[in-house]
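Novice: What follows is the residue order along each chain.
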Amino acid sequence: MNPEVRRYDRAVSEAASTSSQSRRAFNRTLLRVGIALAFLHFGFRKLFGRLAAAAEEKLPTAPEKLGARSGMTIDLDRCTGCGACVVGCRTENNVPFFGPTEEAKGTGIYWMALLPVGGSGELPEHGHADMLPRPCMHCENPACVKVCPTNATYQTEDGVVAQIFDRCIGCRYCQVACPYGVRSFNFAEPQWPESYRSYINPDVATRPKGVVEKCTFCGHRLRDAHERAQLDGRMPRDAELRRLPACAQVCPADAIAFGDLNDPASEVSILASSPRAFRLLEYIGTKPKVIYLGKDRRRT
Amino acid sequence: MTARWTAAVAFVGGVVGWGLYSYFVELSHGMISTGLRQIGGGGATWGLYLVFVVYVIGVSFAGVSTAALVRLFGIRSIEPLTRIAELLTIVAVTAGALSVLTELGRPLAGLKFLPQFARPASPFFGTFTLVETGSLFASLVYFYLGSRADAARCARSSTRLAWLYHVWAAGYRGTPAERVRHQRVSFWLSLFILPFLVIAHSTLGFVFGIQGGRPGWFSALQAPGFVVLAGASGTGVLIMLAAAARRFLGLEETIRLEAFRLLGNFLWILTLTYLYFMVVEEITATYAASRADMHVAHEIVWGTYAPLFWTAVICFAAATAILFLGFVTRRTSVAWTVVAALLVNVGAILKRFLIVVPSQTHGMLLPYPEGRYVPSAGEMSVALGLFAFPVLLYLLFAKVFPIVPLGETSAESVPPEAPAQPEPAALRIAAFWATLLTGLTLAMTGLLLSFRVGTVYYADPVVPFSPLIFIVGVMMSFFSAAVYETIPPPRGR
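First to last, the sequence lines map onto chains A and B. Here the first sequence stands for residues 1 to 300, where the numbers follow our numbering. Here the second sequence stands for residues 1 to 493, where the numbers follow our numbering.
Hints listed in this document are in silico derivations from the structure and should not be mistaken for laboratory results. Only a predicted model underlies this, so the values are computations on that prediction, with no experimental measurement involved. Cβ atoms here follow ideal geometry from the backbone N, Cα and C, with glycine treated the same way. There could be a bad hint or two in this list.
Distance ranges between label pairs, derived from CB positions [to be verified]:
1) A:99 <-> B:112: 51 to 61 Å
2) B:164 <-> A:202: 52 to 62 Å
3) A:4 <-> B:188: 23 to 33 Å
4) B:198 <-> A:83: 26 to 36 Å
5) A:38 <-> B:188: 36 to 46 Å
6) B:11 <-> A:13: 57 to 67 Å
7) A:38 <-> B:112: 26 to 36 Å
8) B:175 <-> A:166: 31 to 41 Å
9) A:7 <-> B:156: 19 to 29 Å
10) A:28 <-> B:397: 28 to 38 Å
So here's chain B without its partners, still in its complex pose:
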């Protein structure tokens, strides 16, 4: 296992390094080394990097959402996969943040000016505050709270990293009171994280859907379509990760067949829903739409982009068929479920490409030349590096911490006679409410100030770094859950 792991890390690390090198070459020359063009020059100005951004952030949606659904509805069969799912969101959002930076013409300026001047009226505000910082932090809190029990276990058995696990566990002792508290916090955090994630990912759909001047993009279905395809592709990645963990870590008893059956069912339902969305989009764009809308739709289905489109449709349809067959015959095969998951993800990447590019090359309303977008070799190297980066993070994490929860984390480990009253914990409750209320106040204030309340729309916010205040407020609101769970009870009681 170790030799295989080392080889995998070396290979993936090499791809990441190659991507990093290509990116620095691109930074020094400017984006002229990519295949991007002026949008009026017969090309696309948003290309592979943005495709990767929307794909990977979409994948991140399914991670914590699955974990949250497990906690809310007590779905026992997928319970061993919660840590993999939570980690999926964390690494995918991190990769998404990096890819947003590669997409910018001036990434360092972006890091400096976005927290300072960002405007909520722009959908990108949602991408960089809610998705990148908000859902990343929320997922980190969620993941951390769920991992404390295992950290405490690792602290007892490990020697080399014992100091790390002690800090990680933060005084977790596994008492029934702590477990009841964890259940309660998980429930409420799950309840709030889900709508938060849906809103965050809808803003990514709004980036495209609200633009009236872009035929092929202007559609009410963009936001819901984003969320559905995000769910489908993310569930697919989760299936592939679960299968990998099961195979390479020998976890056949922990990650059972039921998990794949359930996830497989999620997957075909979501993929079928997305195929339905594609049909609706197609009919709307071709029935009595404007000339420009019809032209873009025609190019996608029958023209330049037809090979990509039909490959995506076949991938989705084949995946649905495989999983539906398994559902109807009540037979689950891990291998076939993984094949279906892979097909869905290939289809998702192609479909994201079809969302981003054709409207730019063939959807100009004024008579600009039509063209094509072909990513350059440098672009593809950077994109591969971005793809490899989350894989590398996963491999490294699996070495340091158990990828599957070791002990019982469900509420049934606490006997039913245990009273549900809270322990005497004035400090904890006060600290929790103080953190939560301060966080919500900061978030609301930061948001209003970023909307340029108190000044004119074309000026800078009245308080500098208002977007940062908003982000800090969101983070504090989620952090209050950690405050509630980790503050130890008063001594002697």
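Chain A on its own, in the form it takes in the complex:
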């Protein structure tokens, strides 16, 4: 027999005689490990419970917990395609403008965009195209929130798809996941020339390069309205919300309305039940909360 194997054989048979000892030792060790793991398990559950309770207490209370559902209606019959909503939104939210070269390349940022529907979209046929104002749809089943790896984009309880810009790592997954293409990426560091600085809105944080941004339903204005209303111990009235976002405020044709879709008396709820009402890409299942009112074809 191979000497190596003989040595091994002897070692194993020696070990076998002491195996009962080692078995007891093993059992003892296993018992100790088991007790330690049990302690860990129960201790962890307690810690867990305490932390969860603390987290619940820290959550903000308004406007999310008040049963509201923020929505918007855009009346395409009233819309003239003037673009005031785009400009108003940019100004209110400090949306950077990178210059005509970059815009032509396709790296410009648009929180509110005007999409040409029908027609070629190029002059001189442009006049035949209808313009579709396209903010973020603030879907009830948002694809972008599902795919965000760091929870930088999330959904508040009143249905606004909000963002923590500081946490965005710029992976652009939300941008590709959005079926409506509403998100824009900051390809470069926004520059604020001297003449522009007086226009910067102090209520809205500017974003650095490398983060994705989009329409927030003017969340800062919404929070402001809720805080003011709470001072009087009530929810904001529909009249206070109707022209709350910057786009709704500046629209000269009054085509954009904003409000609480859960309030049956609000203007958005009434308009949303119009026979002209439709939503974009309904079949995908994102449940957008921007409701369009189609052109009244009887008049054209």
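The hints should help you fit chain B onto chain A, whose structure is shown.
Specialist: Coordinates of chain B only, in the frame set by chain A:
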């Protein structure tokens, strides 16, 4: 050999340096210097970097999988290639990690926030936990355990790096007991690594496949297609590496023709399977699909991307034909197998590009302008640097450690009469179970906490750094194999 090696390292190192410099230029200006555009601006927001990410992580799949299959099924002919294969996974996943960072708009924020706040509901969670950290660590453990025997040998013969090899060997003495233990650990580790890798790489396919709003991406075939193409391209790279080792290190006797025959067979089977997947995808996208799906498929096959598509198809078909011919005529030629492997990889890169880009430029559901994506020079420099980096790692490694296992590592070196009972090793077994159970508990806990169990879905995890807890748990679970194998037996027995 040394002069050639130095020249190769200098060249590849230069490319890596050039890529690094280009990347820092890009970091300082922002991604405006790339060819990427807003997805609504007529361009693609995911481009060359993501193509490289999916390609290189795909390649990494085949490395450890091949080594695992060798161990599980005792495939003797490819046994000399196990170390090359294991190393392939390690360097490819490392390159993949770097390329994921280049793809981010804020890479440092990514490094900070992903371990802190990551959500398992996002497919990227799988990419950065399972693929990057999990399979990298699992491959490192697997590779390390297989290399200890050679490290012990090198420690005896080398003088300059003897200290390194001693630490590396960690007390390996080559006794039959150790070899039996190594066989057992290899078997079980292989058994668990394989499904782990399949799941990890499927999550990369899910990144694309689960998006209902992206025509051209939304498909059940994305995940399996990813795994199959990963296997094909990875096997191709393995063939090329084996041929290089055989030629430049004079290993004709060790890396025999049978190895290329077997790998060549793997390759044509996988490539043919992938061609089948492509046909199925094409039929599904054009038969009675939505207008948007048909449009993207049309652009790929007959429109803007047709040259890339048909080149990929020809590459795959030619590679299959070459290898199939060799299979049928029972003739193996290393040169032709390498040509086929190269063709498969060229086709794989093109196909990955066709997965990532056309849906963005031509697959918008709302009336955005259609456009094109052309990578900028800076982007291509960075991508070349990322490509060169794993090559550099390989070259450097080959100088320090034998790239092919030196001695017998198979179970047949242990005579069949040796009893299979475990040695008395209460400490080892207890340590193994403690490590494994702790690892699994941490992984499960970390995963549940990352799912925001115990709080609302839009809040942060109840315990900070839960994703990191998950990763540590996965690593510990694989580390238990190393614990089992390396703890020495009690003295005097």
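Novice: Now tell me, hint by hint, if it's right for this structure.
Specialist: Hints, verified against the model:
1. A:99 <-> B:112: 51 to 61 Å: Violated - the Cβ-Cβ distance for residue 99 of chain A and residue 112 of chain B, about 32 Å, lies outside 51 to 61 Å.
2. B:164 <-> A:202: 52 to 62 Å: 59 Å, holds
3. A:4 <-> B:188: 23 to 33 Å: Holds, at about 25 Å.
4. B:198 <-> A:83: 26 to 36 Å: Between residue 198 of chain B and residue 83 of chain A, where Cβ atoms are some 51 Å apart, the hint is violated.
5. A:38 <-> B:188: 36 to 46 Å: 27 Å, violated
6. B:11 <-> A:13: 57 to 67 Å: 60 Å, holds
7. A:38 <-> B:112: 26 to 36 Å: For residue 38 of chain A and residue 112 of chain B the Cβ distance comes to about 35 Å; the hint holds.
8. B:175 <-> A:166: 31 to 41 Å: At roughly 57 Å between Cβ atoms, residue 166 of chain A and residue 175 of chain B fall outside 31 to 41 Å, so the hint is violated.
9. A:7 <-> B:156: 19 to 29 Å: At roughly 21 Å between Cβ atoms, residue 156 of chain B and residue 7 of chain A fall inside 19 to 29 Å, so the hint holds.
10. A:28 <-> B:397: 28 to 38 Å: 44 Å, violated
Hint compliance for this structure: hints 1, 4, 5, 8, 10 are broken, all remaining hints hold.
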